[in-house]
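Visitor: Dock chain one against chain two, each of which comes alone in its own frame, and use the hints as you go.
In case you want the letters, here they are:
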Amino acid sequence: MANTGWDEFEIGAMLRSFDGKIDDIAGTLQEDRAYSQSNSFVASVADWRIEKPVFNKDFCIDCQFCWVYCPDISIISRDKKMIGIDMDHCKGCGICVEVCPTNPKSLLMFPEHADEEAELTNWPAKDEEK
Amino acid sequence: MSFKKMELREVEVWDGNFAAAQAMRQCQIDVVAAYPITPSTPIVEGYAKFLADNYVEGEFVMVESEHAAMSGCIGAAAAGGRVATATSSQGFALMVETLYQASGMRLPIVLNVVNRALAAPLNVNGDHSDMYLGRDSGWIQFDAYCPQDAYDLNFIAFKVSEDHDVRLPAMVHQDGFMTSHTAQGVKTLTDDQGYNFVGDYKPMNDMLDFEHPVTHGVQTEEDWHFEHKARQHNDLMTKVFPKIEQAFADFEKLSGRKYNIVEKYDVDDADVVVVCMGTSVETAREVAAEMREKGIKAGVLGLRVIRPFPFKQISEALQNVKAIATLDRSNPNGAAGMLFNEIAGSLFNTDTKALLSGYIYGLGGRDLTKAHLTDLFTELQANVDAGKVTTPLQQFIGVRGPKLSFL
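Residue numbers (numbering that gives the first Met the number 0), protein chains in the order written: chain F, 0 to 129; chain E, 0 to 406.
The shape of chain E in the complex, shown without the other chains (with noise of 0.2 angstroms):
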């Protein structure tokens, strides 16, 4: 080994960014082919700069687009590389096309999302529009609530896309500004650990194995591809979270910091639920807390993996909930929301009886304030007394003039 090691204090005040940049030196990752863009710039940068310190043996191939860059990250994904890059809001939906054959061909590579808010109106804070797009694209999605779940997140996110039953990319999420540019105490590995975590890279189907020719990313029409769309979602569905539990089981006997498909606070005596991601969990946890102290049983149920929906064990933790809120940070445009339809699927035909009713929030980084969620418990709480939803199905918190509702 050529390159340099870095010697880490034993907690770093780390930004969700440098967290990320950290993680990927650490994995020693073959190719980075990036392109800026706020506010997930600042992960490749601090990527490059390993590099060029000689911390990383790799190489960082800049790029004119995030088309480019995620083609880049394929390109050398099927020649046998570790392969990450990091992007945001209308860079991800640029990519979105690369996104779909980087799965397809079932290609190991780690994306940073830095969530961001889609155009028009431009905004380049944080909300979970981008995320959203990208959940029908068959990647792998792990969502960090804060700068530590970054850094851990990249590690796992590499060890269970790598993983040859799996050989699925995935997405690492963390919230634009919120979590990308706050810096907190970040628990390190050290860099064996790290890499010795996520172990050497294992080729597979390289195209750099000249003794075994293959050709990568090959048509097929009505005779073939529904096989291999049925494969992908089959090994999704039915071999990806066995191998997260794997790594979050190993990760916690590496680390001590324990991760969970679903992260439950105080969710198993709970009436009133709130099902939210990012940075708001933090939030909802804090307030749940103090409406435990006035009476409400409240809890917070946090998705720490959004693809593959984790249809189940969502199903399983809410059954004995008498309300739930789904908290959707993404414009619905015409629906009712992910997170309320994912979930009503993972109930509807159970025995609950939960009422169930969604809210849309923080759209551009518009904050989600305490107050926000103390008045949201207060109604859940009033539907489980009222034994039925009394608001409309679909509320908008926090936006200005009338109050905004549908269904």
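Just chain F, same shape as in the assembly (with noise of 0.2 angstroms):
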């Protein structure tokens, strides 16, 4: 898009959000929806993060609070079983972490720049106060 000039473009303040027609858009998994280069969906915001949630499985019971409280919609669920975040559109809120119910939390939040694996292995352990 950077090299489309001035009359290359369609008229109007007006962006598409697909290529070419859409069907049942609702029950087509964003992956497999055909969006358009202008958009959102194609720009990575991870830049605007300075802090990133850190996703451990092995505590994880699939209630889904955080898919549900996600604001950007930055939380993969797949037939309810939570698998990842989307590090393109997370922008580090932490609002999965804050709603975790897991003792520990399955989500944490950690510098921008930690390295995953160790933070995943040095997990901290259950909080028995709790």
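Among the clues, some could well be false.
[As the list claims (entries may be wrong)] Which chain E residues stay away from chain F? Per the calculated CB distances, all over 10 angstroms, these:
(1) Val123
(2) His180
(3) Leu188
(4) Gln192
(5) Phe225
(6) Glu226
(7) Arg230
(8) Pro241
(9) Glu244
(10) Arg256
(11) Gly333
(12) Thr351
(13) Asp374
[To be verified] Chain F stretches covered by chain E per the calculated footprint, using a threshold of three residues with CB under 8 angstroms from any CB of chain E:
(14) 5-17
(15) 20-32
[Said to hold, decoys possible] DMTMM-like, lysine to aspartate or glutamate: derived pairs with alpha carbons at most 20 angstroms apart:
(16) E:Lys3 x E:Glu56
(17) E:Lys186 x E:Glu251
(18) F:Lys80 x F:Asp31
(19) E:Lys228 x F:Glu9
(20) E:Lys186 x E:Glu281
(21) F:Lys20 x E:Asp205
(22) F:Lys56 x F:Asp114
(23) E:Lys238 x F:Glu9
(24) F:Lys90 x F:Asp114
(25) E:Lys48 x E:Glu6
(26) F:Lys90 x F:Asp46
(27) F:Lys20 x E:Glu210
(28) E:Lys201 x F:Glu9
(29) E:Lys311 x E:Asp265
(30) E:Lys3 x E:Asp29
(31) E:Lys228 x F:Asp6
(32) E:Lys238 x F:Glu7
(33) E:Lys238 x F:Asp6
(34) E:Lys228 x F:Glu7
(35) F:Lys79 x F:Asp31
(36) F:Lys125 x F:Asp61
(37) F:Lys125 x F:Glu97
(38) F:Lys20 x E:Asp208
(39) E:Lys252 x E:Glu9
(40) E:Lys387 x E:Asp366
Keep in mind that the hints were calculated from the coordinates and are not lab data. For glycine and all other residues, C-beta sits at the position ideal for the given N, C-alpha and C.
Guide: This is the structure in structure tokens:
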């Protein structure tokens, strides 16, 4: 799009969400949708993040709280199973961590540059006070 | 079609407002969002009555302001309907923000503007202040001189505006009271003729096309804004006039009435020409004819299209004229006047040696009399005889007290 000339785009302050005709969009998974280049789905906002959530599937009970509460639809869940986080669109708000009910939490915030494998290895133990 | 058709006489006695309302009825508009303001109120009032009486299949949206009226029109146009409204003066001023939205979003809305002065002091009568306020808003602007024009230009405005190569909103201007409330004979089209001229509305990128979802009114910053504006200006400069000429030609075939981008009355062999707009064109024509009887080769040039500005057409039309007067019916507030500036721009860099002088007249509905115009043509002839402009470049016509002039 960077090389598109002034006379090459569609007129009007108008952008298309999808390339071509869409059919059952609600029944189509995000990865299968023909998002257009101008759809915000294709833009990464990963660099907005200062902290990132790390997901530890060992403690997850698939309650879907994080999926429900995420304001950016960045929790990837398939067949009611938590799969991971869409790191292109997560802005690091930490709401998923806040609402996670497990002990220890299955989602924790770490600095953006933290090593995920190392943090998973050093995951906090169950908090007996709770 | 579930609505009734109206039997019209070949010639009806209509004022400009009712003529515009009838044209809107015959175009079968899907959505009119409107707020009343003098002197344009009878247009939307008339349209609402047609709707209530089942002469139209559409929606009339009553809103809380003119800003909301145009916003409603924008939403309806983006959704994919044929849309129109009307306003004047202060209401037009309140609409200004949304006018730029409509043109930038390339939505073909038709706005009937019944020209009226802008406060302060508050004034309900006709001048061109509101029309001038809209001239940089990216709309096409047509100017009617009489109720017949107001009727005809509505059809032409829909036809041009809705063309997929154009997709720019259009204003049809008429003078407050002088046109809007003065009943004259108006030659009509039948409902079928009128509707078939504009044709069925063809949506483009409409939001109600659920198989092709679109986001309207997006944001761009320094990365893309300029390209969008450049595209809009390009289309105004290159695509609109050919479509207007085509629409004028088609309309002549249908009605026998011929419109031109610039209306020339005895201009071709004229020594002195007055350039003006609105009802003043008709007065000036009458005086020019009288001047010819006195041996002064007088002519009148009326602008039928104000935006895009007919730069080339005016330059060509005035090339052999010796003295030109521009009549601006809007307070230039610290400048020479829109017509003076634009016409000076059209003629500069050409071979003409025409003398150009500007006049400000008719503010707040002040009459432009035949005596004023007789004096004006006489002044122009004196300029021709002297070979130079013998008066100040900017003079006020018809204002009280000592003669007022500048430049």
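Visitor: Hint by hint, note whether the structure agrees.
Guide: Do the hints match the structure? See the list:
Residue placement check: Val123 of chain E keeps its beta carbon more than 10 angstroms from all beta carbons of chain F (closest about 35 angstroms). No beta-carbon of chain F is positioned within 10 angstroms of the beta-carbon of His180 of chain E; the least distance is around 37 angstroms. Annotated as non-interface, Leu188 of chain E keeps its C-beta farther than 10 angstroms from every C-beta of chain F; the closest such distance is 31 angstroms. No Cβ of chain F approaches the Cβ of Gln192 of chain E within 10 angstroms, the least distance being about 31 angstroms, so the stated non-interface status holds.
For Phe225 of chain E, the shortest C-beta to C-beta distance to chain F comes to about 8 angstroms, within the 10 angstroms cut-off, and the non-interface label is violated. Non-interface status of Glu226 of chain E relative to chain F is broken: a Cβ of that chain comes within 10 angstroms, the nearest being about 4 angstroms off. A cut-off of 10 angstroms between C-beta atoms contradicts the statement that Arg230 of chain E is not in contact with chain F; the least separation is 5 angstroms. Look at Pro241 of chain E: its CB is around 17 angstroms from the nearest CB on chain F, clear of 10 angstroms, so calling it non-interface holds up.
With 10 angstroms as the threshold on Cβ separation, the claim that Glu244 of chain E sits away from chain F holds: the shortest Cβ distance comes to roughly 21 angstroms. For Arg256 of chain E, the requirement that its beta carbon stay farther than 10 angstroms from each beta carbon of chain F is met, with the minimum near 31 angstroms. Taking the minimum C-beta to C-beta distance to chain F, about 33 angstroms, the non-interface status of Gly333 of chain E holds against the 10 angstroms cut. Against chain F, the non-interface label of Thr351 of chain E holds: every CB pair exceeds 10 angstroms, the least being about 34 angstroms.
Distance to chain F confirms Asp374 of chain E as a non-interface residue, since its nearest Cβ pair spans about 48 angstroms, more than 10 angstroms. Chain E is given as covering the region 5-17 of chain F, and this holds because 12 residues of the stretch bring a CB closer than 8 angstroms to a CB of that chain, at least three being needed. Look at the region 20-32 of chain F against chain E: 4 of its residues bring a Cβ nearer than 8 angstroms to a Cβ of that chain, three or more, so the hint holds. Distance hint between Lys3 of chain E and Glu56 of chain E is fulfilled; the C-alpha atoms sit about 9 angstroms from each other, no more than 20 angstroms.
Distance restraint check for Lys186 of chain E and Glu251 of chain E: the Cα-Cα separation of roughly 13 angstroms lies within the 20 angstroms cut-off, and the hinted pair is therefore satisfied. A hinted pair counts as satisfied when its Cα atoms are at most 20 angstroms apart, and Lys80 of chain F with Asp31 of chain F qualifies at roughly 18 angstroms. Among the hinted pairs, Lys228 of chain E with Glu9 of chain F is consistent with the structure: their alpha-carbon atoms are about 13 angstroms apart, no more than 20 angstroms. With a C-alpha separation of about 18 angstroms, the suggested pair Lys186 of chain E and Glu281 of chain E falls inside the 20 angstroms cut-off, and the hint holds.
This hinted pair checks out: Lys20 of chain F and Asp205 of chain E have alpha carbons roughly 14 angstroms apart, not beyond 20 angstroms. Distance hint between Lys56 of chain F and Asp114 of chain F is fulfilled; the C-alpha atoms sit about 17 angstroms from each other, no more than 20 angstroms. For the given pair, Lys238 of chain E sits about 15 angstroms from Glu9 of chain F by alpha-carbon distance, which is consistent with the 20 angstroms threshold. A C-alpha spacing of about 18 angstroms is found between Lys90 of chain F and Asp114 of chain F, which places the hinted pair at or below 20 angstroms, so the restraint holds.
Simply put, Lys48 of chain E and Glu6 of chain E have alpha-carbon atoms about 16 angstroms apart, close enough for the 20 angstroms limit, and the pair holds. Of the pairs offered as hints, the one joining Lys90 of chain F and Asp46 of chain F holds, with about 8 angstroms between alpha carbons and a cut-off of 20 angstroms not exceeded. Restraint check: the Cα-Cα separation between Lys20 of chain F and Glu210 of chain E comes to about 5 angstroms, which is no more than 20 angstroms; the hinted pair holds. Using a Cα cut-off of 20 angstroms, the hinted pair Lys201 of chain E and Glu9 of chain F holds, with the two alpha carbons roughly 17 angstroms apart.
The straight-line distance between the Cα atoms of Lys311 of chain E and Asp265 of chain E is roughly 19 angstroms, inside the 20 angstroms bound, and the hint therefore holds. The suggested pairing of Lys3 of chain E with Asp29 of chain E holds, with an alpha-carbon distance near 15 angstroms, which does not exceed 20 angstroms. About 11 angstroms separates the Cα atoms of Lys228 of chain E and Asp6 of chain F, which keeps this hinted pair within 20 angstroms; it holds. Restraint check for Lys238 of chain E and Glu7 of chain F: satisfied, since their Cα atoms lie roughly 16 angstroms apart, inside the 20 angstroms limit.
Note on Lys238 of chain E and Asp6 of chain F: the hinted pairing holds, with a Cα-Cα distance of about 13 angstroms set against a maximum of 20 angstroms. Distance restraint check for Lys228 of chain E and Glu7 of chain F: the Cα-Cα separation of roughly 13 angstroms lies within the 20 angstroms cut-off, and the hinted pair is therefore satisfied. Only pairs whose Cα atoms come within 20 angstroms are accepted, and Lys79 of chain F paired with Asp31 of chain F is accepted, the gap being roughly 18 angstroms. Under the criterion of a C-alpha separation no larger than 20 angstroms, the hint pairing Lys125 of chain F with Asp61 of chain F is consistent with the structure, at around 18 angstroms.
Between Lys125 of chain F and Glu97 of chain F the alpha-carbon distance is near 16 angstroms, which keeps this suggested pair within the 20 angstroms criterion. Restraint check: the Cα-Cα separation between Lys20 of chain F and Asp208 of chain E comes to about 10 angstroms, which is no more than 20 angstroms; the hinted pair holds. Between Lys252 of chain E and Glu9 of chain E, the direct Cα distance comes to roughly 17 angstroms. Compliance with the 20 angstroms bound is thereby established for this hinted pair. Annotation: proposed proximity of Lys387 of chain E to Asp366 of chain E is violated, straight-line Cα distance about 29 angstroms (limit 20 angstroms).
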